[in-house]
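A.B. asks: The hints should help you fit chain B onto chain A, whose structure is shown.
Number of protein chains: 2
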Amino acid sequence: MNKQQLIEQIRIKKSFLCIGLDVDLEKIPTHLLKHEDPVFEFNKAIIDATHDLAVAYKPNTAFYEAYGLSGWNSLTRTINYLNEKHPELLSIADAKRGDIGNTSTRYAKAFFEDMNFDAVTVAPYMGSDSVEPFLAFDNKFTIMLALTSNQGGLDFQVLKDQMGTMLYENVLQTSLNWQNSDQLMFVVGATRPEYFQKIRNIVPDHFLLVPGIGAQGGDLKGVCNYGLNKDIGLLVNSSRGIIYASAENNFASKARDKAQELQEEMAFILEQANI
Amino acid sequence: MNKQQLIEQIRIKKSFLCIGLDVDLEKIPTHLLKHEDPVFEFNKAIIDATHDLAVAYKPNTAFYEAYGLSGWNSLTRTINYLNEKHPELLSIADAKRGDIGNTSTRYAKAFFEDMNFDAVTVAPYMGSDSVEPFLAFDNKFTIMLALTSNQGGLDFQVLKDQMGTMLYENVLQTSLNWQNSDQLMFVVGATRPEYFQKIRNIVPDHFLLVPGIGAQGGDLKGVCNYGLNKDIGLLVNSSRGIIYASAENNFASKARDKAQELQEEMAFILEQANI
Chain A
-17 MNKQQLIEQI RIKKSFLCIG LDVDLEKIPT HLLKHEDPVF EFNKAIIDAT
33 HDLAVAYKPN TAFYEAYGLS GWNSLTRTIN YLNEKHPELL SIADAKRGDI
83 GNTSTRYAKA FFEDMNFDAV TVAPYMGSDS VEPFLAFDNK FTIMLALTSN
133 QGGLDFQVLK DQMGTMLYEN VLQTSLNWQN SDQLMFVVGA TRPEYFQKIR
183 NIVPDHFLLV PGIGAQGGDL KGVCNYGLNK DIGLLVNSSR GIIYASAENN
233 FASKARDKAQ ELQEEMAFIL EQANI
Chain B
-17 MNKQQLIEQI RIKKSFLCIG LDVDLEKIPT HLLKHEDPVF EFNKAIIDAT
33 HDLAVAYKPN TAFYEAYGLS GWNSLTRTIN YLNEKHPELL SIADAKRGDI
83 GNTSTRYAKA FFEDMNFDAV TVAPYMGSDS VEPFLAFDNK FTIMLALTSN
133 QGGLDFQVLK DQMGTMLYEN VLQTSLNWQN SDQLMFVVGA TRPEYFQKIR
183 NIVPDHFLLV PGIGAQGGDL KGVCNYGLNK DIGLLVNSSR GIIYASAENN
233 FASKARDKAQ ELQEEMAFIL EQANI
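Heads up: the sequence lines are chains A and B, in that order.
-17 is the number of the first residue of the first sequence in our numbering; add one for each residue after it.
-17 is the number of the first residue of the second sequence in our numbering; add one for each residue after it.
Pulled out of the complex, with its shape left as it was, chain A reads as follows (with noise of 0.2 Å):
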């Protein structure tokens, strides 16, 4: 998927919405538990309930690996249902991952080629050579950690440096002469709307991957104020305020709605902006 694809799904949804699929064996519905793998059950009517209404799914690879080779093989069979049945939408593997190269490479191979992930999300701290092996494949989005929205987040990444400029901020700045740059997005959590203006300075033109909404606290209007740029340019991800909305039979229709109600939101937001 290329970006203009993106941007031209969005404007028809109506929707920057992106939907975290953090499937949690505990928190499911329990009727779902007697399906041979009930990750994948799960996602699919998550999928099925909502997917006119997001323009991207994120599964955080973590839930997938904590249930060792059957998670592995859960991830696998809900990336080949979005492929399959839903091309359209940007696929996200929320892996957070970055190596030296030809280690690096193989993640991106993982990810882009055998799975058929349209993105991955990676770390910045090992620098240029840890992310260029992502950012050499064609119409594949490299989304790199800019300013989290967890607690200590704040650790480094607001860290001045001898000009004032704060590490987030190098990583941003530093990040635009790398071999194909346009490919990347960044995340910002949605903790820290105070910080958007600054970052929209840097990369007015990138996609925001935006967490924190909900359970995080975060703030939708908050951060649309200076997140949205000319083509949007943000993903905003729910991931726990959406699929476990319910835990009862119910839960699919459930999620729609909560959903539901941040589509319409999103499309107010887009309206007013005049996007």
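Incorrect hints may have been included.
[Unchecked claim] List of simulated lysine-lysine pairs, DSSO-like, C-alpha gap at most 27 Å: (1) 16(B) <-> -15(B); (2) 16(A) <-> 142(B); (3) 142(A) <-> 142(B); (4) -5(A) <-> 142(A); (5) 9(A) <-> 91(B); (6) 180(A) <-> 142(B); (7) -4(B) <-> 67(B); (8) -4(A) <-> 26(A); (9) -4(A) <-> 67(A); (10) 180(B) <-> 91(A); (11) 142(B) <-> -4(B); (12) 67(B) <-> -15(B); (13) 16(B) <-> 142(A); (14) 9(B) <-> 91(A); (15) 67(A) <-> 9(A); (16) 91(A) <-> 16(B); (17) 26(B) <-> 91(A); (18) 26(A) <-> 91(B).
To be clear, the hints were calculated from the coordinates, so they are not data collected in a lab.
C.D. replies: For chain B alone, kept in the frame of chain A given last:
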């Protein structure tokens, strides 16, 4: 495994060698490809041939994820084999994981509980609450990236703050205040010998995991000059230099030869240093 047991192993074997199991099907002897699980057969042969010369084995997860479900299966078989045959050896999942708290807990469970690795590598960018879930596991080590061996490691890790302190120094210093910080080890590349003295000033007692010997150009003596502490405090890793010493039928005995060269050099260094 705890630190005393690791130190004891090192003293018995006169070796602080870690062998990286980064298996690439294009580099292993072709006669192994007829097996159902050539990656595991390769690892088993390497472990069988070298276990008395090394104190740790470190599969890098990227090389296994690249083979999808079958790779994850090979990794599981490898760690099971290590735990069953050689429980005295330190097993390290080189995964470089890190995420928000509840998600990092998932990764920690995957590697420490389900697979029963003794140690896992993590990335520091997301700060305290991304690493502490790993540190919550008793008798396990959490090995955090500090100063990496790759060229891109210099992009952000040596950025100076307003006091002149580099990012990797801040990472080391800050992490000492985290819960169970005595279970930390740190990754420091062998290609950065000039930094070891500074690092030892900040973390005099912690173990350092040192990749970059051999293929990446690092030098064992340079590392040991300042890296050794009273408990040895070093695990020096070699991957390609050992496991791909030969691609012929004799690959395992050639790997042993390379491991022995390094072990003998280590024994000499330990003797010289009177440790």
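A.B. asks: Each hint needs a verdict: does it hold in this structure or not?
C.D. replies: We went through each hint and held it up to the structure:
1. 16(B) <-> -15(B): The hint is violated at about 40 Å.
2. 16(A) <-> 142(B): Violated, at about 55 Å.
3. 142(A) <-> 142(B): holds, 8 Å
4. -5(A) <-> 142(A): Between residue -5(A) and residue 142(A) the Cα gap is close to 40 Å, so the pair fails against 27 Å, i.e. violated.
5. 9(A) <-> 91(B): holds, 17 Å
6. 180(A) <-> 142(B): holds, 21 Å
7. -4(B) <-> 67(B): Distance of about 20 Å is within 27 Å: holds.
8. -4(A) <-> 26(A): holds, 23 Å
9. -4(A) <-> 67(A): holds, 20 Å
10. 180(B) <-> 91(A): Violated, at roughly 37 Å.
11. 142(B) <-> -4(B): violated, 38 Å
12. 67(B) <-> -15(B): Holds, at roughly 20 Å.
13. 16(B) <-> 142(A): violated, 55 Å
14. 9(B) <-> 91(A): Measuring from Cα to Cα gives roughly 17 Å; hence the hint holds.
15. 67(A) <-> 9(A): Since the Cα atoms of residue 67(A) and residue 9(A) sit roughly 26 Å apart, the hinted pair holds (cutoff 27 Å).
16. 91(A) <-> 16(B): holds, 24 Å
17. 26(B) <-> 91(A): Roughly 25 Å separates the two Cα atoms, so the pair holds.
18. 26(A) <-> 91(B): holds, 25 Å
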